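Novice: The primary structure of each chain is shown beneath.
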Amino acid sequence: DIQMTQSPSSLSASVGDRVTITCRASQSITSSLNWYQQKPGRAPKLLIYAASTLQSGVPSRFSGSGSGTDFTLTISSLQPEDFATYYCQQRYSIPWTFGQGTKVEIK
Amino acid sequence: QLQLQESGPGLVKPSETLSLTCTVSGGSISSSSYYWGWIRQPPGKGLEWIGSIYYGGITYYNPSLKSRVTISVDTSKNQFSLKLSSVTAADTAVYYCARVAAVTDDPLDIWGLGTRVTVSS
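In the order they appear, the protein sequences are chains A and B.
Under the working numbering, the residues of the first sequence are numbered 1 to 107, in order.
Under the working numbering, the residues of the second sequence are numbered 1 to 121, in order.
Just chain A, with the same shape it has in the complex (with noise of 0.2 Å):
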C-alpha cells in the first residue's frame, strides 16, 4: 500500500493567516492526489483533485501543487469556516489510501 504522510498533525493559525500543508506519499504517485476538508461532525468535502485542480465551488483561496511524492495544501488567507480537518487521498494504485489528516485550529 502507499503510505500517505501529512504534515503537521495539527496547526494553530489566525484568520488572514496563509496556511500550507504538506502531503508525502511513499512512492511516486504522479498527480494523482485529491484533497478533503471535514469539519466535526460533518462528512468530507472535496477541495481540489488531480493535485491542483479546484473542484467548482470551492473558494479560490484553496490551492494544491506538487507532483510525484510531495504535494501541498495551500489557504492563502484562512477564513473563520476553514477551520477543520484536511485530508490528502492518492487514487494512483488501489487500496486508495488518505493521509492522517491535519486539523486546524484557531489560535
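Derived by calculation from the structure, the hints in this document are not laboratory data.
A portion of the hints provided could be inaccurate.
Claimed, not checked - DSSO-like, lysine-lysine: derived pairs with alpha carbons at most 27 Å apart: (1) B:K45 x B:K66; (2) B:K13 x B:K83; (3) A:K107 x A:K39; (4) A:K45 x B:K45; (5) B:K13 x B:K45; (6) A:K45 x A:K103; (7) A:K45 x B:K83; (8) B:K45 x B:K83; (9) B:K45 x A:K39; (10) B:K45 x A:K107; (11) B:K83 x B:K66; (12) B:K77 x A:K45; (13) A:K107 x A:K45; (14) A:K103 x A:K39; (15) B:K77 x B:K66; (16) A:K103 x B:K45; (17) B:K13 x B:K66.
None of these values were measured; they are calculated from a predicted model.
With the hints as your guide, set chain B onto chain A.
Specialist: Only chain B this time, still in chain A's reference frame:
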C-alpha cells in the same frame, strides 16, 4: 442536486454481517460519468477506503477487507449496497457512501452524511 443517503442498522453483533444501503436521489446511478464507493472512519481516526463499484458492475476492494466485502448496485432502486461479513469491534465506524467522478484522478466529489455502525454484543 444529487444527494446520497446511507441506511442500515446502527448496531451489529460480532461475527455477523454488516449491511448498508446508499440511496441516490436527484440523479441516475447508471451514468457512465460516475461510479460509487464506500469509505469508513473509526471513531476519532482517519478515513479508510473500502471499495468502489464501476459502471457495469466491476468492483475494486481494499485488499485488507477484500475477503469480507461485497459491493453491489441495484439500478432499479437507484441504490448501491455494502456487505461486510464476520465483523469485529474493529469495524465500528462511521460509514460513508460517495460518488466518484470519472474524471482525472477519480475524486470522491459527493458524499452521504454518514451512518454510525457499532459492533457490539
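Novice: The structure should be examined with respect to each hint, and the outcome stated for every one.
Specialist: Status of the hints after comparison with the structure:
1. B:K45 x B:K66: Cα-Cα ~21 Å, so holds.
2. B:K13 x B:K83: Given pair K13 (chain B), K83 (chain B) holds - Cα atoms ~14 Å apart, limit 27 Å.
3. A:K107 x A:K39: 17 Å, holds
4. A:K45 x B:K45: 17 Å, holds
5. B:K13 x B:K45: 22 Å, holds
6. A:K45 x A:K103: 15 Å, holds
7. A:K45 x B:K83: 25 Å, holds
8. B:K45 x B:K83: Holds. K45 (chain B) to K83 (chain B) sits at ~22 Å (cutoff 27 Å).
9. B:K45 x A:K39: With Cα atoms ~13 Å apart, K45 (chain B) and K39 (chain A) stay inside 27 Å; holds.
10. B:K45 x A:K107: Holds, at about 23 Å.
11. B:K83 x B:K66: 11 Å, holds
12. B:K77 x A:K45: 26 Å, holds
13. A:K107 x A:K45: The hint holds at about 23 Å.
14. A:K103 x A:K39: 10 Å, holds
15. B:K77 x B:K66: Within the cut-off at roughly 25 Å; holds.
16. A:K103 x B:K45: 12 Å, holds
17. B:K13 x B:K66: 20 Å, holds
Of the hints listed earlier, there is not a single one the structure fails to meet.
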